[in-house]
Amino acid sequence: MAASVMLEQLVWPLAMVFAALGGGVYLWAVLDGLAARSFGLPRAQSVWQRPLSRGAWLLIQQSNNTEAPDRWGWRLAPALYLALAAVGLALVPWSRDWVATDLATSLVLWGSVEALATVVIFLQGWSANSHFALMGAYRYVALGLSYILISMFVLIGVALPAESLAITRIVASQQDVWNVVRQPLGLPLFLLVGLALTFRGPFNLADSQDLAGGTSVEVSGPPRLVWELARSAMLVAFSGIAATVFLGGWLGPWLPGPLWVMLKMLAILAVQAWLGRWFAVITPSRCLSLMWLILLPLAFIDLIWAGVVALL
Amino acid sequence: MAVGWLSRLAMRGPATVFPALGMHGEEAVYRLAQAPGITLVDTPRHATILLVAGGVPPHFHDSLRRVHDQLPAPFATLWYQSEPLLELQQPGIGKMDDLEALPGAVMDTWRRVIAGEQGTASRLLPDTPPNPWQGLGDDGRGGEGMMGGVPYGRPMAMPPAPDLRDGLALDILTVRLGPFFPLWPAGLEAEVTLQGDIVQQFSVLSAPYPRAVPSVFLEAQSRPVAIARLERKRMQYHLRALFHALRLAHLPDLAWRALGLAEECDSRPVEKLGKAFKAFARALARRGFFALYLPKGGTLDSEHARTLAGFAARAAGVEDDARQADEGYRRLGFSVITQQAGDVPARWRQRLAEVEQSLALIARAQQSDAVTASTEAIELPRGAGNADNLLENLLPGLEWSEALATLASLDVAEVSPWPHP
Numbered sequence: 006m007a008a009s010v011m012l013e014q015l016v017w018p019l020a021m022v023f024a025a026l027g028g029g030v031y032l033w034a035v036l037d038g039l040a041a042r043s044f045g046l047p048r049a050q051s052v053w054q055r056p057l058s059r060g061a062w063l064l065i066q067q068s069n070n071t072e073a074p075d076r077w078g079w080r081l082a083p084a085l086y087l088a089l090a091a092v093g094l095a096l097v098p099w100s101r102d103w104v105a106t107d108l109a110t111s112l113v114l115w116g117s118v119e120a121l122a123t124v125v126i127f128l129q130g131w132s133a134n135s136h137f138a139l140m141g142a143y144r145y146v147a148l149g150l151s152y153i154l155i156s157m158f159v160l161i162g163v164a165l166p167a168e169s170l171a172i173t174r175i176v177a178s179q180q181d182v183w184n185v186v187r188q189p190l191g192l193p194l195f196l197l198v199g200l201a202l203t204f205r206g207p208f209n210l211a212d213s214q215d216l217a218g219g220t221s222v223e224v225s226g227p228p229r230l231v232w233e234l235a236r237s238a239m240l241v242a243f244s245g246i247a248a249t250v251f252l253g254g255w256l257g258p259w260l261p262g263p264l265w266v267m268l269k270m271l272a273i274l275a276v277q278a279w280l281g282r283w284f285a286v287i288t289p290s291r292c293l294s295l296m297w298l299i300l301l302p303l304a305f306i307d308l309i310w311a312g313v314v315a316l317l
Numbered sequence: 032m033a034v035g036w037l038s039r040l041a042m043r044g045p046a047t048v049f050p051a052l053g054m055h056g057e058e059a060v061y062r063l064a065q066a067p068g069i070t071l072v073d074t075p076r077h078a079t080i081l082l083v084a085g086g087v088p089p090h091f092h093d094s095l096r097r098v099h100d101q102l103p104a105p106f107a108t109l110w111y112q113s114e115p116l117l118e119l120q121q122p123g124i125g126k127m128d129d130l131e132a133l134p135g136a137v138m139d140t141w142r143r144v145i146a147g148e149q150g151t152a153s154r155l156l157p158d159t160p161p162n163p164w165q166g167l168g169d170d171g172r173g174g175e176g177m178m179g180g181v182p183y184g185r186p187m188a189m190p191p192a193p194d195l196r197d198g199l200a201l202d203i204l205t206v207r208l209g210p211f212f213p214l215w216p217a218g219l220e221a222e223v224t225l226q227g228d229i230v231q232q233f234s235v236l237s238a239p240y241p242r243a244v245p246s247v248f249l250e251a252q253s254r255p256v257a258i259a260r261l262e263r264k265r266m267q268y269h270l271r272a273l274f275h276a277l278r279l280a281h282l283p284d285l286a287w288r289a290l291g292l293a294e295e296c297d298s299r300p301v302e303k304l305g306k307a308f309k310a311f312a313r314a315l316a317r318r319g320f321f322a323l324y325l326p327k328g329g330t331l332d333s334e335h336a337r338t339l340a341g342f343a344a345r346a347a348g349v350e351d352d353a354r355q356a357d358e359g360y361r362r363l364g365f366s367v368i369t370q371q372a373g374d375v376p377a378r379w380r381q382r383l384a385e386v387e388q389s390l391a392l393i394a395r396a397q398q399s400d401a402v403t404a405s406t407e408a409i410e411l412p413r414g415a416g417n418a419d420n421l422l423e424n425l426l427p428g429l430e431w432s433e434a435l436a437t438l439a440s441l442d443v444a445e446v447s448p449w450p451h452p
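Residue numbers (the working numbering), protein chains in the order written: chain P, 6 to 317; chain V, 32 to 452.
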């Protein structure tokens, strides 16, 4: 009996977290490759093999150095970012019972993951002792607060009908209607914020082309591989939270709950891959205006909407 | 065993190339950007192959050595139409002059480097701080007085200066970029003072290498040439320029399409070219190139616009185009297109409008085999002028991304007296 409980409440949930960290990151890379192909970019290699080849290349490449970097910070930042992504994935309930970290305040913990990511991204850029990396770091810090605020307002919106900050309760509250229907502004806002938080596509200002790679401009070899893995893992974690709080998580007919969660996560990742490649990068000043003047007020409206619906 | 397995897997991936451009090295970039198995990167740290394309003047050899030494091992250097540095001249060095063979040579070098068959090039400079400072100078920081020296590779933080936009006092950071910085014109070396993301000061230390114009424009200065030929080359010139801007805008697929269209300009039937260009121009607008990426800045004043001439002047409302004085063009119904704003979006709108105009001119010129009537004033695709202190005046006050977008929208290099091959 005890073994069965341990299997249900510890082993399987943790196995799912690690599977999502490995498999999810790989599938994200495949989806991104498929998106690139759908946009007409030529690829000499299969999209399934390309992420593996890239990983192998970075593993055999020398990890370089700069003059007087903050060595500890520089090496730790990618690992810390990966750890934050793992914490985020640990909050995703794969079924009613398979939850690695089922807290009464799990939504707050996700908020802290988003906030701490700002620190880690800054650490990555600052530690290299290089101007473009530093500029990328500052850009993220300057914009990060707006991302987090929008995310938090949207997430408070989904907590209202559940009357709880526990993600499992939020899933249960979607038994009749998913939040994506109940709060139509929520998911689109959260998707945009997800791209911004993981600095991808139009919101890739921290690791952007004009900074020749931004926070990772000086990084090569295994540390770069870990940084790229961590960025992708954070997006996978984000898709897990989005699938859970807006698309009903494990809820769905015929298939087992974990499979539903995975399918919903893949759908969100596919949308993110497409969105990320469709739009041109936005300038930092426009991004600031977009976040504070358009998306944040929309997040307020979403919250008011959620409150009114919850009261009715 | 493990390394062998990893290497085999790695060599199936795309070859990562950092292009260090010398004079007339751009062709290599355009060729490699279209090769499916090759990825061009913007920092030597992300590359396995250093491609030196075009002649590098001797006074930039030390800069080239610094770029060379930044590539992480294993790596190799290829020299395309370029003379290798003395210390790297050895038998079997990757030196070549054939553009068509370049992608194959890059792939071959990539595979051999990853497989460990081609030795990692040795480092050329000692691994010591470029600016020795510890224990030197008045305060042990390498310079005179309290603020001298470059401890830890950075100049001492200067007293905060008011921000150009809102007056907020912030620390400033001065960096030197170029001449191999791939995100602006090859050969440009500048000292940039930044305050956060804002350019406070931009001082050109070395002007970009002169750029060649297609030989047909020089030919037209000595004898009548087919207008269709001229206009096809004009289109190609603008589309290639667009490639750089689209890369900066994170639109790699459209950048690739722009280059593809540019390569087809010489031979593709004009109707098909026109159709493909219209679809391409629609995609530019739909995907936020104007609305999200291009800054509403980098505006040329009328003096600078007139000095620069060409499309940059016309984008600022100056009706100056040598084609209107040419009887051959007049017979085709040529009229000058202009914009008014003179800023970055206006310049790209002007260039796109001129590509569309070229398409119409080609179609009409082909029907009547029209040739130029004048050899005295030929309108180059880029304008023949150069404005002194243009960048020093234009870029301060812009965000860094806006400054690069502004640079990409202009032709700041001098016109080379030698034709493009």
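If you're looking for bench data, these hints aren't it; they were derived computationally from the structure.
Treat the hints with care, since some could be wrong.
[Said to hold, decoys possible] Just the calculated beta-carbon pair ranges, DEER-fashion:
1. P:A315 x V:P427: 34 to 42 Å
2. V:A316 x P:Q180: 43 to 51 Å
3. P:G28 x V:R39: 21 to 29 Å
4. P:A147 x V:E387: 36 to 44 Å
5. V:P427 x P:A147: 52 to 60 Å
6. V:P241 x P:A24: 39 to 47 Å
7. V:K309 x P:Q180: 22 to 30 Å
8. V:A316 x P:A147: 42 to 50 Å
[As the list claims (entries may be wrong)] Just some of the chain P residues that point at chain V, by a computed CB distance under 8 Å:
9. F44
10. W53
11. E168
12. S169
13. Q214
Ideal Cβ placement from N, Cα and C applies to all residues, glycine included.
Hints numbered earlier in the text: which of these fail when held up against the supplied structure?
1, 5, 6, 7, 8, 10, 11 and 12
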